[in-house]
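Student: The primary structure of each chain is shown beneath.
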Amino acid sequence: NAGVTQTPKFQVLKTGQSMTLQCAQDMNHNSMYWYRQDPGMGLRLIYYSASEGTTDKGEVPNGYNVSRLNKREFSLRLESAAPSQTSVYFCASSDDRAPSLYFGAGTRLSVL
Amino acid sequence: GENVEQHPSTLSVQEGDSAVIKCTYSDSASNYFPWYKQELGKRPQLIIDIRSNVGEKKDQRIAVTLNKTAKHFSLHITETQPEDSAVYFCAARAMNRDDKIIFGKGTRLHILP
Chain A
1 NAGVTQTPKF QVLKTGQSMT LQCAQDMNHN SMYWYRQDPG MGLRLIYYSA SEGTTDKGEV
61 PNGYNVSRLN KREFSLRLES AAPSQTSVYF CASSDDRAPS LYFGAGTRLS VL
Chain B
113 GENVEQHPST LSVQEGDSAV IKCTYSDSAS NYFPWYKQEL GKRPQLIIDI RSNVGEKKDQ
173 RIAVTLNKTA KHFSLHITET QPEDSAVYFC AARAMNRDDK IIFGKGTRLH ILP
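Chains as they are written, first to last, in our numbering: chain A, 1 to 112; chain B, 113 to 225.
Bear in mind the hints are in silico, worked out from the structure with no lab data behind them.
A hint or two may mislead.
Unchecked claim - Pairwise CB distance ranges, derived in the manner of DEER restraints:
1) A:ASP96 - B:GLU151: 24 to 34 Å
2) A:SER18 - B:SER140: 32 to 42 Å
3) A:LYS71 - B:LEU224: 28 to 38 Å
4) B:THR190 - A:SER67: 44 to 54 Å
5) B:PRO225 - A:MET41: 22 to 32 Å
6) A:GLY40 - B:VAL132: 43 to 53 Å
To be verified - Keeping only pairs whose Cα atoms sit at most 35 Å apart, straight-line, the calculated DSBU-like set for lysine-lysine is:
7) A:LYS14 - B:LYS217
8) B:LYS180 - A:LYS14
9) B:LYS169 - A:LYS14
10) B:LYS183 - A:LYS14
11) A:LYS14 - B:LYS134
12) B:LYS154 - B:LYS170
13) A:LYS9 - B:LYS134
14) B:LYS180 - B:LYS154
15) B:LYS217 - B:LYS170
16) B:LYS180 - A:LYS9
17) B:LYS217 - B:LYS180
18) A:LYS14 - B:LYS154
Ideal placement from N, C-alpha and C gives every residue a C-beta, glycine not left out.
Sequences are here, hints too, so could you generate the full structure?
Tutor: Put into structure tokens, the structure is as follows:
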């Protein structure tokens, strides 16, 4: 039982490059989330998915797209990376039985 | 949408003293309030949570209080220890409406020897 698994752990991109951050959970949770964490800004919600097949915008969705591929997997895509997207990205999951968030280990992304 | 304010942003207390971190929220539909601890370079982890049908919850040295009328909740850590040094985040969620979980900006707690 691995919990929430994120890949990659680290990534360096050049401005304009694209990439997809992968997230998978094995706890059979309905809801999945993507947050970004910047110094002094806390954890800001990018997108979330309440169930397979649905996605909703969070606080800071611009510049990102998401896909809820199935109940286990929720990916985050940067189509054209910008330096402002340099951050630590956390994926998380939850459901009504366990309403708190279970976080992945994070992806540290630098955009040069 | 929901807005969660957290104070203070930095807190230093002597080892053995108590620490209190306060949060306010704006959405009256919020009914679930978790607190997370994040150590340097690690993921946030739940330390305690409270639902809107109770006013206080305690777990050993940690307690959380909730005032629904005033829309604020607080984390209390007693008999602080060096391992309590970390960043603490409060959050709010309206479980009956959607699955958004919105966080405060965090409090960096330093325990002084």
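Student: Evaluate each hint against the coordinates.
Tutor: Status of the hints after comparison with the structure:
For ASP96 of chain A paired with GLU151 of chain B, a C-beta distance near 28 Å keeps the hint of 24 to 34 Å intact. Between SER18 of chain A and SER140 of chain B the C-beta distance comes to about 41 Å, which sits within the given range of 32 to 42 Å. The supplied range of 28 to 38 Å is broken by LYS71 of chain A and LEU224 of chain B, whose beta-carbon atoms lie about 46 Å from each other. The hinted range of 44 to 54 Å is satisfied by THR190 of chain B and SER67 of chain A, whose Cβ atoms lie roughly 45 Å apart.
About 30 Å separates the C-beta atoms of PRO225 of chain B and MET41 of chain A, a value consistent with the hinted range of 22 to 32 Å. In this structure the hint that GLY40 of chain A and VAL132 of chain B lie 43 to 53 Å apart at CB is violated, the actual value being about 21 Å. Among the hinted pairs, LYS14 of chain A with LYS217 of chain B is consistent with the structure: their alpha-carbon atoms are about 29 Å apart, no more than 35 Å. A hinted pair counts as satisfied when its Cα atoms are at most 35 Å apart, and LYS180 of chain B with LYS14 of chain A does not qualify at roughly 47 Å.
With a C-alpha separation of about 48 Å, the suggested pairing of LYS169 of chain B with LYS14 of chain A is violated against the 35 Å cut-off. Using a Cα cut-off of 35 Å, the hinted pair LYS183 of chain B and LYS14 of chain A is violated, with the two alpha carbons roughly 44 Å apart. Of the pairs offered as hints, the one joining LYS14 of chain A and LYS134 of chain B is violated, with about 40 Å between alpha carbons and a cut-off of 35 Å exceeded. The hinted pair formed by LYS154 of chain B and LYS170 of chain B meets the criterion: a straight-line CA distance of about 25 Å does not exceed 35 Å.
This hinted pair checks out: LYS9 of chain A and LYS134 of chain B have alpha carbons roughly 33 Å apart, not beyond 35 Å. Annotation: proposed proximity of LYS180 of chain B to LYS154 of chain B holds, straight-line Cα distance about 32 Å (limit 35 Å). With a C-alpha separation of about 23 Å, the suggested pair LYS217 of chain B and LYS170 of chain B falls inside the 35 Å cut-off, and the hint holds. Only pairs whose Cα atoms come within 35 Å are accepted, and LYS180 of chain B paired with LYS9 of chain A is rejected, the gap being roughly 39 Å.
The straight-line distance between the Cα atoms of LYS217 of chain B and LYS180 of chain B is roughly 21 Å, inside the 35 Å bound, and the hint therefore holds. A distance of roughly 26 Å separates the Cα atoms of LYS14 of chain A and LYS154 of chain B; the hinted pair therefore holds under the 35 Å criterion.
Checked against the numbered hints above, the structure breaks hints 3, 6, 8, 9, 10, 11, 16 and satisfies the rest.
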